Amino acid sequence: MALVKAFTQFVDPPSGSTSAEASPEAGGTPRAAKIETVNMGFFYGTHQALRDISLRINECAVTALIGPSGCGKSTYLRSLNRMNDIIEGTRVTGSVTLDGEDIYARDVDVVSLRKRVGMVFQKSTPFPKSIFDNVAFGPRIAGLTNRTELTEIVERSLQQAALWNEVKDRMRESAMALSGGQQQRLCIARALATSPEILLMDEPASALDPASTARIEDLIFELKQNYTIVIVTHNMQQAARISEVTAFFCQGRMVEVGQTKQLFTNPSQKETEDYITGRFG
Amino acid sequence: MSSAGRSRREKPSLRRAFSWLRLREEAIRCLLFGCALLSVMTTLAIIFVLVTETMIGIPPHTSFFQDVSLSEFFLGTEWTPNFSAEQAHYGVAPLVCGTLLITGISGLIGLPTGLMIAVYLSEYASPKARSICKPMLEMLAGVPTVVYGYFGLRFLTPYFIMPVFGGLGAQGYNALCGGIVVGIMIIPMVASLSEDVLRAVPNSLRESGYALGATKFDVSARIVVPSALSGVIASFLLALSRSIGETMAVAICAGNMANLSLNPLEATQTMTAFIVNVMQGEVVAGSTLEKSLYAVALVLFVMTLVMNLVSQLILEKFREAYQ
Amino acid sequence: MSLHGHVYERRLVWRHRLGQLFEWACRLATFTALGILVLLLLSIGRQAIGWLDWGFLTRSNSYEPREAGIMAGLMGSLWLVGLTAIMSVPLGVGAAVYLEEYAKPTRLTKFIQLNISNLAGVPSIVYGILGFTVFVRMFGMMDRPEEFQCSLGFASFSFQLPLGRVVISGACTLALLSLPVVIIASQEALRSVPASLRHASLALGATKWQTIRHQVLPAALPGILTGVILSLSRVIGETAPLAVLGAPAQLSYAPGSIEGIGDAVQHPDKILQAPFDQFTTIPLQIYGWINETKPVFEHVASAGIVVLLAVLLLMNGAAIFIRQRFQKSIRW
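Here the protein sequences come in this chain order: C, S and R. At position 5 of the first sequence (counting the first as 1) the number is 4 in numbering that gives the first Met the number 0, and the numbers step up by one without a gap. At position 192 of the second sequence (counting the first as 1) the number is 191 in numbering that gives the first Met the number 0, and the numbers step up by one without a gap. At position 198 of the third sequence (counting the first as 1) the number is 197 in numbering that gives the first Met the number 0, and the numbers step up by one without a gap.
Okay, chain C solo, but in the shape it has when bound (with noise of 0.2 angstroms):
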């Protein structure tokens, strides 16, 4: 329990956050919750990768998937806008909700819903392209042609990624000219030019140096008064930073979520204890 206690030290109770009912199991009223998976499960051809997942996900909120390498935790964040479609033979069970409409239901439109439900993945992965052909990329491919309102949407997403003060005087050079951090910002700001109402963010900081994660950080910081934002993250520390609400993955399950806070310093299970206190994973 002491390691327990000394890891305490690293939480920072997320400042806004007043609201106790993050997870179902907390009772109370909760917050309005903007994705609910029911008793998921996601198949690999035969093989299952997550089984019985339940999870709400709260609107204007982080909520952290921590848990050890191939426990499921991306491929859960990935079916949540749908990516694993790309894949062959995969399949899902149980329901998975955006604002109360099921996201696998025949008739929707992956497309939109991507739009939707924005991503961030690991690697920086900018276009081969200009930064601003970058950032007005979603926008373009929607329809939008109008040059004055995709020169204000693109100042207003990189402004939004804390990118704007760097990029303003080189829109038109490469975006494979910027350096690691600046990518992964320039993704972040690419996902919010299509106005997403989430944002899932598959280990955004993990490839990055010390300087250029606390920036993220600090980004997700100011984006969660906006945006729904789910984390996928190796980093408990990181997890403990940013989020209100963590879920625990293991071999598949969702062993355990709660409240950030509570979980990191009073975990239910044994699993999750022994996970934190880095005694596996």
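Derived from the structure by calculation, the hints contain no laboratory data. All values derive from a computational prediction rather than experimental measurement. Where a beta carbon is used, it is the ideal one built from N, C-alpha and C, also for glycine. Take the hints with a grain of salt, since some may be wrong.
Said to hold, decoys possible - Footprint (simulated), chain S over chain R, 3 or more residues, beta carbon under 8 angstroms:
no., region
1, 25–34
2, 114–121
3, 201–214
4, 278–292
Following the hints, put chains S and R in place on chain C, whose structure we already have.
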């Protein structure tokens, strides 16, 4: 064996000493280097042969450019080397024009089709469809050019070009048929080279596109192809250089009339077809006609060399960008 | 703003439709190309019916269409491809071994590599001009051909210098032409052999050449063979360089006048003489028949094309067989 002898042998020296084994290793190395150098010698031999015959001339004979002035060759508009000496003209423009006409038509047909096949194979086709299409495309690439020529002459011209363009004055031998046939021939080449570069585009870019709400078309046409653009252009250049150098199909179905005209319905003659056509008959050794073969071949060689070099350099840059 | 709402929805329908259209266009392009292949095979096959029989394969050519045959070309092609392989395979594999195993990434190596890629793109007709000058005419250095006799005790043969339009001139030309392709294919095969195999062998105290000879080459052999066969099947289809060498389209005898296996065994002279004899090949014969003025000859040409495609199919089949056979036994 005495113990003293054994102890001496227990610590063999690590120093290099002369041995037949090492000598053999060196000899083999040199031999293999010679093999590798042979390719350089081939290039040098090609350049040597073409340049001596056109520009230098080994004494009893004169060179091509001693017989024909540079300005006549490059600026003249008539190519009649078969005529008697006074009436013979050596302006290469009609041959270059014929070559470019055929190459242009083949490009219009082969490049878009090849690129679309590449997009289909790399972005849309299921593994099963790929496993059927790729060997068939390889077969298409393996059909000898003389067969394509025959196909063009006996099927394309009478059953397609004549019914469609006959009213416009299409001739039995016409550049359009040659261009279409060469276009078909470069399709597999463009498809396979472009598919390679499209597949080299990292999947993460495709995923990012989908995550932004892109349709498959948006991803293919607005992310994958633009990202691989330099590689695609390189494959186009290689294919066009192949069109320029293509011989038999053109010689068979585009006719043998040097013709400074861009009308695709008329007969024409390319540089390659001229060379084959002349060599089919008897050529007097040392005649200007024979030397003109080398001059035309030199033009052909330089054109394709430049295109190949440029596309190699582009491809190298492309590979660096994604590795 | 058109990013949301019914404007976006309406556009989305249109975008999906465009995407489908594009997908079908790509599919159409692919099926058109494959359709052309089928059309080509069917139309030529149909013309060849009734003309392709055993006699066509065993007769030498005649001006009478019904009496025409492809024996001379078939034998010429086999001699040519055999001699080409003897020259280009050792040289090509040797060059590939040097570039993959020995060469350090110096500027010279890079230059050689670039040069090989470029040679692969040089038009075949330029090789024809090269072969014509170097092998057939030998730079025109001799005023008239000189005849040489060469006796090996059990048999003898004669040849001329300059070589003239003989099998060996064609084989040398095609060897140079196929060399870059053989090198590139062999390099790819060598590259697919894992480095661990080399390290294991070197760690046992084997020299570099021993490692290559006993470990790397056997492991890369299936890949090399496949590449070699594919490049040789290109050699069989080559027409332009041989036409430039001045090889005749029609000839009434096979190289060395060999009239069958029994004949070759009884007269070893003929085998030695064959490389220095005149020749024609299948594609050259086809070209000749295409240029015939009598329209009946198009059936003969079609029959010739079917034979040519059958030979190519046989070689490609062999390549696929080797690839499948050995890929099962070696798995990294």
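Hints versus structure:
{"no.": "1", "hint": "25–34", "result": "holds (count 7)"}
{"no.": "2", "hint": "114–121", "result": "holds (count 7)"}
{"no.": "3", "hint": "201–214", "result": "holds (count 3)"}
{"no.": "4", "hint": "278–292", "result": "holds (count 4)"}
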